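Model the full assembly from the supplied sequences, consistent with the hints where possible.
Chains A and B supply the protein sequences, listed in that same order.
For what it's worth, full-length UniProt numbering labels the leading residue of the first sequence as 1, then goes sequentially.
For what it's worth, full-length UniProt numbering labels the leading residue of the second sequence as 1, then goes sequentially.
Just so you know, the hints here were simulated from the structure itself, not pulled from any lab data.
Because the structure is a prediction, the values reported are computed rather than measured.
It is possible that part of the hints are untrue.
Claimed, not checked - Simulated crosslink set (DSBU-like; lysine-lysine; CA at most 35 angstroms straight-line):
| # | chain 1 | residue 1 | chain 2 | residue 2 |
| --- | --- | --- | --- | --- |
| 1 | B | K185 | A | K27 |
| 2 | A | K110 | B | K7 |
| 3 | B | K109 | A | K90 |
| 4 | B | K185 | A | K201 |
| 5 | A | K129 | A | K81 |
| 6 | A | K201 | A | K37 |
| 7 | A | K125 | A | K81 |
| 8 | A | K91 | A | K308 |
| 9 | B | K185 | A | K121 |
| 10 | B | K168 | A | K110 |
| 11 | B | K109 | A | K121 |
| 12 | A | K304 | A | K81 |
| 13 | B | K168 | A | K27 |
| 14 | A | K90 | B | K244 |
| 15 | A | K83 | B | K109 |
| 16 | A | K27 | A | K297 |
| 17 | A | K83 | A | K110 |
| 18 | A | K83 | A | K125 |
| 19 | A | K90 | A | K129 |
| 20 | A | K308 | A | K242 |
| 21 | A | K121 | B | K168 |
| 22 | B | K272 | B | K185 |
| 23 | A | K143 | B | K185 |
| 24 | A | K27 | A | K201 |
| 25 | A | K129 | B | K185 |
| 26 | A | K37 | A | K121 |
| 27 | B | K7 | A | K129 |
| 28 | B | K185 | A | K91 |
| 29 | A | K129 | B | K10 |
| 30 | A | K304 | A | K242 |
| 31 | A | K81 | B | K185 |
| 32 | B | K7 | A | K125 |
| 33 | B | K185 | A | K125 |
| 34 | A | K110 | A | K125 |
| 35 | B | K7 | A | K143 |
| 36 | B | K7 | B | K142 |
| 37 | A | K37 | A | K129 |
| 38 | A | K83 | B | K185 |
| 39 | A | K91 | B | K109 |
| 40 | B | K7 | B | K272 |
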Amino acid sequence: MIEVEDLQIYFRQKKQKLFSFNTEYLKAVDHVSFTIKRGETFGLVGESGSGKSTVGKGILRYYNLTGGNITFDGTEIGYQKEKELLPIRKKMQSIFQDPYASLDPSHTVKDIICEPMEIHKLYDKSERKERACELLEMVGMNKNDILRYPHEFSGGQRQRISIARALSINPQFILCDEPISALDVSLQAQIVHLLEGLQDKLGLTYLFISHQLQMVQQICDNIGVMFLGNLVELSDADDLYKNPLHPYTKMLLSSMLEADPGVRCLEDDIPEYKVMTRVKQGCKFSNRCPYANSRCKEEVPKLKEVAKGHYVACFQYEG
Amino acid sequence: MRDNIMKNLKLGFKEDKLAVIGVIIILILTVTSAFAFLYPVDANAISVTSRLAKPSLIHPFGTDDMGRDYLARCLYGGRASLLVGFLSMILSTMIGVIVGSISGYMGGKIDAILMRFVDALMSLPTFLIMVVMNAYLKPGIKNVIIIIGLLTWMSIARIVRGETMSLKEREYVVYSRISGQSRLKIILQHILPNIMPTIIVTATINIASAILMESALSFFGLGIRPPTASWGSMLNNAQGYMIKAPYLAIFPGVLILLTVISFNYLGEALRKIFEHK
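Shown next, in the form of C-alpha cells:
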C-alpha cells in the first residue's frame, strides 16, 4: 500500500560562520526504503534522533523530500503539490505523541474532531456533529464531552480524542507517532488495545513509531530498526525478536527490561555506549559497534536480504 | 480555556488594585468623553469677557485665554485623544498581526524580506517622519490616526512573529497541515486564537503610547489643529500662561498622565494574568 523508496530528507543547518557559503545538511533520513502492506502494522523503532518520526512525517508529506519517492496506493506522492495532495490526504491520518500538544487548547472537542471533515468537505454541519458523537463513543468516551475543552481531560482521554479525530474521515492509513510514549503503563495497554480493535474493525493500516520495544513486538507485523537516519534492519516482528542480526538491534533488545531480573543475555557483549559522535565515513554505528573492523570505518553497508524477508545492513552478513 | 481565562481575570484583578483603578479611570474617561455633548457648554464658544477665569462653579475647570470653557475642552480633547489612541491601536495591531503571522508562519525568504522591512522601519526616527508626513497630509484626526498606526505596528509584528514561530511547531498545527488544512485557516483557527492574550496585552500598552504620540504631535501643533480640542494642543496653548493660569497646563497634563498610566497598568495586569495560565 505504501512504498518508500530510497527516501532522503535532509535539513539545512544554520551556517556557523558569517561568510561561509557552504551549507551543511543534517541527514535526518538517508536512503530509507520499505513497504507497508495493506492492513498490517509496520513498526519503526530506534533511539531518539534516529529519524523515525521524520520518516513518518515525510510519508505524510510534512517535509519536502530531498530524494527518493513515496508511493501511496499506486500514486507517487513524493513531489506533488499541496493541492494535488488533498485527495491523498483524505486517506491518511495521524496520531501524535504528546496528548497535550496535539489538541488545540482553544477548540472544543467537537471542533477538534470535526476539523478533518471540514477540510475535506465531508458531511454537513449536523451530520458532522453526529459523527463526532459516534466517534467519541467508539473510542470509549462519553458523547456529552463534546463541548468541553481539551484541558479538562487526562492524557489518556486526550489520546482517545486524537484517535477519534483521526478516524473521522475514514482513512486507510494512520501514522501513530509514539502514541503511547507519554502515557502511563496501564493506559498504554488500553490505547494499544483500542488501536488494535479499530484495526480489525475498520481494516486500517498503521505505521507505528515507538521506542518501546515490548509494545512494538506485541502489535507490529513488520518492524524496521533505524539508526541515525538509516534503516539498519527490517524483518517481521517474530524473527526480529528471536533472531536479531544487526549489532544495534541486539543492543536495543538487550536494553529491554525483563520482568525476570535474571534474564539478561546480551548485556555483556555490548560495550557501554560512548559519547555519540557523528561518524563521517563508513557505517554510522561503527564507533559503537563491538564487531567493527576496518571495512566498517570506510564503507557504508547496504540493506541486504540475508534470510527470507529479513534484511540487514551490516558487513558481518555479507558473503 | 475561555472560562479559565475569565476565572484568571477575576483573580488577577482582585490581586492587582492598581489595574482595577486603571480600568475605572479608563471607563470614566471614555464614558465622559463619549457623552461630552451632555455637558451643555460649547467647547469652541469664545468669550472675551471671561478670559482666563479661575475654576469656579460656572466654569469648573476655568476658562482659557479665549474664554472657552476648559472642562468642555478637556472632555472634547479626551474624545480626540482616546479616539486616536483606540483607532491607531486597532490599525497598528491589524497590520502587525497580519505581517507578523505571515512572516512567522511562512518563514524562509518571505520572513527575511518582511523582517528586514520591519527593521528598516524601526530604525527610522518615527517622530521626524510624523512631522514630515504631517506637513504633506491634511491635518486632522483621521490623518493622525493613520500616521501613528502606520508607524507603530512593527513591535507588534515582531512579537506576533515570535509567538507564531513557536506555535507552528506544535503538534496540533503539524496535524492540521498534514490533514491538508490551508495556511490561512491554520493561522486564523489555530495560531491567532492561541496568541490572542499576547496581542491584547501589546495592544493595550500600544494605546498608551499612541495617546502620548498624539499629544506630542498636537503639542507641536502638528496633529489635531485648533479649534478642535485635544489634550496635546491644549498643553501647547497653556505654555504662555504657566504662571498666570497654571491650571491650564495641569488639567490636560494630569488627564494624559492618568490615561497613559491606566493603560499601562491594565496592560501589565493582563500580561500577568495570561502568564499565569
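Each hint tested on the structure:
no.	hint	result
1	B:K185 - A:K27	32 angstroms, holds
2	A:K110 - B:K7	23 angstroms, holds
3	B:K109 - A:K90	30 angstroms, holds
4	B:K185 - A:K201	33 angstroms, holds
5	A:K129 - A:K81	31 angstroms, holds
6	A:K201 - A:K37	17 angstroms, holds
7	A:K125 - A:K81	29 angstroms, holds
8	A:K91 - A:K308	31 angstroms, holds
9	B:K185 - A:K121	14 angstroms, holds
10	B:K168 - A:K110	22 angstroms, holds
11	B:K109 - A:K121	32 angstroms, holds
12	A:K304 - A:K81	33 angstroms, holds
13	B:K168 - A:K27	22 angstroms, holds
14	A:K90 - B:K244	79 angstroms, violated
15	A:K83 - B:K109	22 angstroms, holds
16	A:K27 - A:K297	18 angstroms, holds
17	A:K83 - A:K110	26 angstroms, holds
18	A:K83 - A:K125	24 angstroms, holds
19	A:K90 - A:K129	19 angstroms, holds
20	A:K308 - A:K242	14 angstroms, holds
21	A:K121 - B:K168	24 angstroms, holds
22	B:K272 - B:K185	29 angstroms, holds
23	A:K143 - B:K185	27 angstroms, holds
24	A:K27 - A:K201	38 angstroms, violated
25	A:K129 - B:K185	20 angstroms, holds
26	A:K37 - A:K121	28 angstroms, holds
27	B:K7 - A:K129	29 angstroms, holds
28	B:K185 - A:K91	21 angstroms, holds
29	A:K129 - B:K10	33 angstroms, holds
30	A:K304 - A:K242	19 angstroms, holds
31	A:K81 - B:K185	18 angstroms, holds
32	B:K7 - A:K125	31 angstroms, holds
33	B:K185 - A:K125	18 angstroms, holds
34	A:K110 - A:K125	11 angstroms, holds
35	B:K7 - A:K143	26 angstroms, holds
36	B:K7 - B:K142	38 angstroms, violated
37	A:K37 - A:K129	33 angstroms, holds
38	A:K83 - B:K185	15 angstroms, holds
39	A:K91 - B:K109	32 angstroms, holds
40	B:K7 - B:K272	13 angstroms, holds
Violated hints, listed in ascending order, are 14, 24, 36; each of the other numbered hints is respected by the structure.
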